[in-house]
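**Student:** Sequence:
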Amino acid sequence: MDPEGVSPHGQNSESPLGPGPGGGSGIRPSAALAPLAGAELEDLLRELLQRVDEVMDTQHRLRLLLDATLRIAADLDVDSVLEATVRVACDLAGARYGALAVLRSRADHRLSDFVTHGMSEDQRRAIGEQPEGLGVLGLLIDRPEPMRLHDLTRHPLAVGFPEHHPMMRSFLGVPIRIRDKVFGNLYLTEKFGGGDFSDTDEAVVIALAAAAGVVIENARLYEESARRERWLAASAEITALLLGEVSQDEALQGVADRAREISHADSAAVVLRRSEDELEIRVTSGEAPEASTLSRVHVTETLAGVVVSTGEPVIVENINDDPRASPDARTEWPSIGPVVLVPMRTTAGVEGVLSLAWSPEHADGFTELDVELPRRFAAQAALALQVGRARQDRERLSVFEDRDRIGRDLHDLVIQRLFAIGLSLENTSRMIERPELAGRINGAVDDIDATIKDIRRSIFALSASPESVDVRTALSGVADRAARSLKLRPHLHFQGPVSSLVDQDTTVHLVAVLHEALTNVSRHAGTRDVDVLLSVGDDIVLTVRDSGRGMSAEAVRGGLSNLEERAAELGGSCVVDSRPGEGTVLRWSVPRA
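Note that the sequence shown covers residues 1 to 593 in UniProt numbering.
If you are wondering where the hints come from, they were derived from the structure by calculation, not from laboratory data. Hints are supplied without guarantee of correctness; some may be wrong.
[Claimed, not checked] Simulated DEER-style distance windows between Cβ atoms:
hint : residue 1 : residue 2 : range
1    : Gly-311   : Arg-405   : 41 to 49 Å
2    : Pro-323   : His-150   : 47 to 55 Å
3    : His-164   : Glu-223   : 28 to 36 Å
4    : Glu-229   : Arg-125   : 32 to 40 Å
5    : Arg-481   : Gly-311   : 37 to 45 Å
C-beta atoms are modelled at their ideal positions from N, C-alpha and C, and glycine is treated no differently.
Take the sequences, apply the hints, and build the full model.
**Tutor:** This is the structure in structure tokens:
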């Protein structure tokens, strides 16, 4: 008989795993599995399932992040990219509210844009103006690092919410960088379900912010390229306009209009140099007074004067804070804040200034502006303006040359032939015995003399420039031309401020009067010298004195009646004092305008 408890093979019959059912041999739990018994095993399984869910959720969110990044990257509009970034961040982190603050200046926490998600239009309107980067928002600006808060209202820097603002507690903030420079910050609040934002939420939003930084940079580069193309197209358009048949003011109006349109400015103006120390606003565009209502200003009294003096652009964030600004900019112009002034510069110097201004409400156009673009546009406009003036000068010179040629032909051919015909008729009249025929011939001779005078006046009109000309220069030109027939040059004298007080209309009459007077001197005087004096006081007086043989009273009345008519037309008089053998003095006087 086998010993008790020993198997037929000589081993203990009791199983090492414990007795079986009914007290026989069976299997018992080992010491290694003892901790998993009962409720502890269920907890472990639940934790395992929870971790699996978290992994699955993370994978799901990563897929959403990838899909969202691809969708955002396909959009090249910066505003659309910003809105999509906030919306996707809220979806990925499970946030009820989100915002993206675009920084204008980290130094004073100013924001250029604030894009929100989760609030209705009515809520945004009720809240009012966008925040200024204070409190917890400012903390992330000062320290651009990810930040999570359980209750942002209890943070020491919390400044509370404005009226009508929804309550917000849980908080997640992440900076958005573009090439190591902080572009703005993502703010997420109010986690769905009432909990706090998790490490996974933070990691996913950080990844989104990194991707968004690249997408935003691409969109900004695209918009910058598009703006550059618009400025280049405008430059070509303005060049064609300035070189065309339009007037200078019409072309400058086009410069102001196109610059204002492309830069999204509220107003624009073109300021030109009138003299070395005086500026003139030639045209305005947009919300600005008419250029004709604006006074001329001294070059040292305005921001435009600074640009003219230095040849460099001037950029002012708020014109009301700049002491260099003209008082007119604050009183006569609408409410403006930022201002950019660029020189209209050529190799010859600064032709003028292109000024762009924005109201404080529309300052975004100012912050987005690359000053180099309007500077090049203004320089191109100045160059086209210079080329256009040179072309006009050439055309005017061609016209003057044609006029001179016509005048010479009239003087050398037509007048000489008429004069010869008149002499022939006059000689013929002496050989006719019938008085009535002689009278007709003498009448024809008088008509020829009158025609010769008209032609000479026409020759002078052809020689005179329609443009503004100094009276000294004009009278000197008449004296030079008369020297050929007189065989001497008249002595010109000026008394008083003739250049500033004699206007263009009077100058035209003075030139015609002097031309007529010197023509009579050459025909009748036989003089050795001629003195011409132009004096300006209460009246403008032209005196022509010669030392010739003088004229009879009949010759005076017949030869100088046209001068009397000119004087009478201007409310003046013409007096001639001439005696045979004593020379002649002509005094032509009109009131000063």
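**Student:** So, for every hint listed, does it hold in this structure?
**Tutor:** To see whether the hints hold, each was checked on the structure:
Take Gly-311 and Arg-405: their Cβ atoms lie about 43 Å apart, and the range 41 to 49 Å holds. Look at Pro-323 against His-150: about 50 Å separates their beta carbons, and that is inside 47 to 55 Å. At roughly 33 Å, the beta-carbon separation of His-164 and Glu-223 lies within the given 28 to 36 Å, and the hint holds. Hint check: Glu-229 to Arg-125, Cβ distance near 36 Å, so the stated range 32 to 40 Å holds.
Restraint check, Arg-481 to Gly-311: a C-beta distance of roughly 43 Å satisfies the suggested window 37 to 45 Å.
Consistency note: the structure conflicts with none of the earlier hints.
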